[in-house]
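Number of protein chains: 2
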Amino acid sequence: MVSNLMDKIVALCKRRGFIYPGSEIYGGLNGTWDLGPLGTLLANNIKNEWWKSIVLSRDDVVGLDSSILYHPKVWEASGHVASFTDPLIECKICHERFRADHKKDISEHEKMHDKQKWTEIKPFNLMFKTYVGPIDNEENKTYLRPETAQGIFINFQNVINSTRVKIPFGIAQIGKGFRNEITTGNFLFRVREFEMMELEYFVNPGLDEKWYEYWREQRLSWYLKLGIKKNNIKLVDIPKKDIAHYARKATELWYNWPFMGFGELEGIVNRGDYDLSQHAKYSGRDLSYLDQDTKEKYLPYVIEPSVGLGRTMLAFLLDSYYEDDPSTHSTGSGQASSGPSGKRVVLKLHPKLASVKVAVFPLLANKLPLVNLSKDIYYNLKKQINGMVAFDDRGNIGKRYYSQDEIGTPFCVTVDFQSLEDKTVTARDRDTTKQERVKIENLEKYLSTKLN
Amino acid sequence: MVSNLMDKIVALCKRRGFIYPGSEIYGGLNGTWDLGPLGTLLANNIKNEWWKSIVLSRDDVVGLDSSILYHPKVWEASGHVASFTDPLIECKICHERFRADHKKDISEHEKMHDKQKWTEIKPFNLMFKTYVGPIDNEENKTYLRPETAQGIFINFQNVINSTRVKIPFGIAQIGKGFRNEITTGNFLFRVREFEMMELEYFVNPGLDEKWYEYWREQRLSWYLKLGIKKNNIKLVDIPKKDIAHYARKATELWYNWPFMGFGELEGIVNRGDYDLSQHAKYSGRDLSYLDQDTKEKYLPYVIEPSVGLGRTMLAFLLDSYYEDDPSTHSTGSGQASSGPSGKRVVLKLHPKLASVKVAVFPLLANKLPLVNLSKDIYYNLKKQINGMVAFDDRGNIGKRYYSQDEIGTPFCVTVDFQSLEDKTVTARDRDTTKQERVKIENLEKYLSTKLN
Numbered sequence: 001m002v003s004n005l006m007d008k009i010v011a012l013c014k015r016r017g018f019i020y021p022g023s024e025i026y027g028g029l030n031g032t033w034d035l036g037p038l039g040t041l042l043a044n045n046i047k048n049e050w051w052k053s054i055v056l057s058r059d060d061v062v063g064l065d066s067s068i069l070y071h072p073k074v075w076e077a078s079g080h081v082a083s084f085t086d087p088l089i090e091c092k093i094c095h096e097r098f099r100a101d102h103k104k105d106i107s108e109h110e111k112m113h114d115k116q117k118w119t120e121i122k123p124f125n126l127m128f129k130t131y132v133g134p135i136d137n138e139e140n141k142t143y144l145r146p147e148t149a150q151g152i153f154i155n156f157q158n159v160i161n162s163t164r165v166k167i168p169f170g171i172a173q174i175g176k177g178f179r180n181e182i183t184t185g186n187f188l189f190r191v192r193e194f195e196m197m198e199l200e201y202f203v204n205p206g207l208d209e210k211w212y213e214y215w216r217e218q219r220l221s222w223y224l225k226l227g228i229k230k231n232n233i234k235l236v237d238i239p240k241k242d243i244a245h246y247a248r249k250a251t252e253l254w255y256n257w258p259f260m261g262f263g264e265l266e267g268i269v270n271r272g273d274y275d276l277s278q279h280a281k282y283s284g285r286d287l288s289y290l291d292q293d294t295k296e297k298y299l300p301y302v303i304e305p306s307v308g309l310g311r312t313m314l315a316f317l318l319d320s321y322y323e324d325d326p327s328t329h330s331t332g333s334g335q336a337s338s339g340p341s342g343k344r345v346v347l348k349l350h351p352k353l354a355s356v357k358v359a360v361f362p363l364l365a366n367k368l369p370l371v372n373l374s375k376d377i378y379y380n381l382k383k384q385i386n387g388m389v390a391f392d393d394r395g396n397i398g399k400r401y402y403s404q405d406e407i408g409t410p411f412c413v414t415v416d417f418q419s420l421e422d423k424t425v426t427a428r429d430r431d432t433t434k435q436e437r438v439k440i441e442n443l444e445k446y447l448s449t450k451l452n
Numbered sequence: 001m002v003s004n005l006m007d008k009i010v011a012l013c014k015r016r017g018f019i020y021p022g023s024e025i026y027g028g029l030n031g032t033w034d035l036g037p038l039g040t041l042l043a044n045n046i047k048n049e050w051w052k053s054i055v056l057s058r059d060d061v062v063g064l065d066s067s068i069l070y071h072p073k074v075w076e077a078s079g080h081v082a083s084f085t086d087p088l089i090e091c092k093i094c095h096e097r098f099r100a101d102h103k104k105d106i107s108e109h110e111k112m113h114d115k116q117k118w119t120e121i122k123p124f125n126l127m128f129k130t131y132v133g134p135i136d137n138e139e140n141k142t143y144l145r146p147e148t149a150q151g152i153f154i155n156f157q158n159v160i161n162s163t164r165v166k167i168p169f170g171i172a173q174i175g176k177g178f179r180n181e182i183t184t185g186n187f188l189f190r191v192r193e194f195e196m197m198e199l200e201y202f203v204n205p206g207l208d209e210k211w212y213e214y215w216r217e218q219r220l221s222w223y224l225k226l227g228i229k230k231n232n233i234k235l236v237d238i239p240k241k242d243i244a245h246y247a248r249k250a251t252e253l254w255y256n257w258p259f260m261g262f263g264e265l266e267g268i269v270n271r272g273d274y275d276l277s278q279h280a281k282y283s284g285r286d287l288s289y290l291d292q293d294t295k296e297k298y299l300p301y302v303i304e305p306s307v308g309l310g311r312t313m314l315a316f317l318l319d320s321y322y323e324d325d326p327s328t329h330s331t332g333s334g335q336a337s338s339g340p341s342g343k344r345v346v347l348k349l350h351p352k353l354a355s356v357k358v359a360v361f362p363l364l365a366n367k368l369p370l371v372n373l374s375k376d377i378y379y380n381l382k383k384q385i386n387g388m389v390a391f392d393d394r395g396n397i398g399k400r401y402y403s404q405d406e407i408g409t410p411f412c413v414t415v416d417f418q419s420l421e422d423k424t425v426t427a428r429d430r431d432t433t434k435q436e437r438v439k440i441e442n443l444e445k446y447l448s449t450k451l452n
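Here the protein sequences line up with chains A and H, keeping their order.
Reminder that position 124 of the first sequence reads as 124 in this note's numbering, one-by-one numbering, no gaps.
Reminder that position 263 of the second sequence reads as 263 in this note's numbering, one-by-one numbering, no gaps.
With the rest of the complex left out, here is chain A (with noise of 0.2 Å):
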């Protein structure tokens, strides 16, 4: 592993504009961060090849966006308002308040006062309340939702009645999600606003445990293919004890964090038929499903894989970066690709994710058929790239080379003199660093087969 890993992506993110502090100018507010220009760009790509791995590409899912304030009976029929707590002490010296189960916190706290004096255990409520129209009271008061679930709960008749999908089949939905954790930290790993990207999957409840191992699967080889390296991630089967009360089954998919070794990326559950059953019990309403065939009526089972949009950048940009040593590679200029400290800083992310996609660079900024001809190239792949495209003309070759690599750019393509004379440019590879001279009439498809 690298040393100061999570050091070194905190500050990359801050310095190329993938993510900064919320509100910094403010001192920030704790446990929120804003995307820049290129994490926007990255958080696009990766809740593309979800949805079109989850949605777009398959028969049995369709996508929901529900908003984030919901009726308040939904937090009473989900169990949230009784039970979605963290054990919360205070300290009865300075009034600090820290969770009861993490315990180097609080005996780092009590060896600040050289003595322990703590108020008793209390279940302290994560979700966020507010209140809906003119009047602040509690028939009023409502919470911003602490997970999109059950948003897709509480529209299954509407989708049922005006889709046809049949069981098994799945809802599924990207949206924001609030959490006023205790202690937030780890930069995008605990924090209190966040986007998630949730499938909830019906199925026949005799199927349920089938359904669970597919989606399992699946999920596991969505990031294998998007290039999380095999080492970093596994599937771990949580003890029934340790499994929330509403779920059957739960497996984690456990990356190998820096800060702590493995843990929780994503959750895949078996949820029965717990919060069908729940809304149909508060609502008063029918939410069983009928099977058109055999006249079956029932509440499905679902399956539910879930996971915040913050781990899943976080992981990727800790699993694509490198530091490679620059001499070993060629530059084309004969000047190396390194930043200040002599190596080369590369994230090698999956071209679906990588936030811009090409670079075009005129060889000199200051020779205008070069300049001209770049231009042209860089608008014309700006329409035909399905993705980011920018342009550099700033400083030498190296270190253009050397600003897209720290970003994760796969190709840059560069216009020499010889590309005045033969139509051809170089386009040079992320990874490998090696050049391969394409003809500009050709450049499109060699781009876009490599991209896609």
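Bear in mind the hints are in silico, worked out from the structure with no lab data behind them.
Mixed in with the good hints, there may be bad ones.
Here chain H is said to cover these stretches of chain A; the calculated rule only asks that three of the stretch's residues, wherever they fall, bring their Cβ under 8 Å from a Cβ of chain H [what the hints assert, rightly or not]:
hint	region
1	12-18
2	129-136
3	271-285
In the BS3-like style, the derived pairs of lysine-lysine whose C-alpha atoms are separated by at most 25 Å in a straight line are [said to hold, decoys possible]:
hint	chain 1	residue 1	chain 2	residue 2
4	A	Lys352	H	Lys383
5	A	Lys73	H	Lys129
6	H	Lys52	A	Lys382
7	A	Lys383	H	Lys52
None of the values given here were measured: they were computed from a predicted structure.
Just so you know, even glycine gets a beta-carbon here, dropped at the ideal spot from N, CA and C.
For chain A, the structure is supplied; the task is to place chain H on it using the hints.
Same frame as chain A, but now just chain H:
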């Protein structure tokens, strides 16, 4: 104008899975709407077209995705704590609350009681409040953002420091906003939770007028290119006395809404340097821009085109709704693709916006060779076409056309007996209802060309 157009759109949206009332099974949560499967696809397509037009296709605009929760100082600096209010009055008899400037609602309410007995008018702040961290006190109180723009201003320096932008340049953001409206209504028109698409375009103060004109025209042309009828949209300059205190100039793009005639769809505002200078003052940071060429240092002015996704969706849905007399159309099967009313309902959405791009049918569901070939074509198109591809084998072919017309699918591909002999299929155009025979090997190219 089609009579009761809004009622028809609302019903179609619910019936076909575009838009459901929020928290419906619990009696609804006023001012919230959930996007169903087709609405989610439509919304994603609208956001993609905005993003491509504003960010990906340009040189001078970068994206951002800031959190919804900001440090509370942000809202002091922006002026929202002090003045993001509506005038509220309360009926002394029944304690119902109204916007004091909504005269019609008030006079109707007075009729109900047969007298008037109102409290004094009080300003009501439209920001939803919540508390961050484990203690509910004034210090931890903040708000759900009522606009995404401030997330851009507070990151202005971060973007300058982490990218290579040079004035003039823009920062664009798509994200949720929340306004605790006293009264909501007209479907997606006035809601409490909504998604916004905002661009803050930073310019040299002397050139703001030019860029303001530029963005007025750009934004109008975006709607026209995506099919909004010229007669239904216009730019309206807002008189100085009616514009917000921070604005130097404001234009609105008005759409011809069926429930009110012309009214606001999008705003284009010259905000001057109000926001950056306020945040500089409240944060103590120097937020000025240094021109590297002239060494001039200044606070840029900003031009802001800003629109709600809900209003945009509503305008596209209303504008594309048609009812045809089916007897004038050929359906190929001899059956009219009409609904129970005898009329053909069509959403003539631009192909780039349509939720489903292509639907594939076997002429008959019980002829295996037709089904197999149509499934092959369907799965291939699903991989090749950028967007959702559907399959339908239920009922007769006329009903299937009708069903796709009603949701705006631009093309239906039918596999018939001739397909088995000569490897051609029919491709039916939604708007003309004309069918062409296309070779299966050319189908992807035929469709892609027409869809883009």
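Is the hinted pair A:Lys73 and H:Lys129 satisfied, with a Cα-Cα distance of at most 25 Å? Holds, at roughly 20 Å.
Would you mind confirming whether the straight-line C-alpha gap from A:Lys383 to H:Lys52 stays at or under 25 Å? Holds, at roughly 10 Å.
Do at least three Cβ atoms from the region 12-18 of chain A come closer than 8 Å to Cβ atoms of chain H? holds (count 4)
Quickly compare the C-alpha distance for A:Lys352 and H:Lys383 to 25 Å and report which way the hint goes. holds (15 Å)
Check, residue by residue, whether the region 271-285 of chain A contains three or more positions whose beta-carbon lies closer than 8 Å to a beta-carbon of chain H, and give the verdict. Result for this restraint: holds, n = 4.
Hint check: H:Lys52 vs A:Lys382, CA-CA at most 25 Å. Holds or violated? Within the cut-off at roughly 10 Å; holds.
Is the coverage entry for the region 129-136 of chain A by chain H consistent with the three-residue Cβ rule at 8 Å? holds (count 7)
Hint compliance for this structure: every hint is met.
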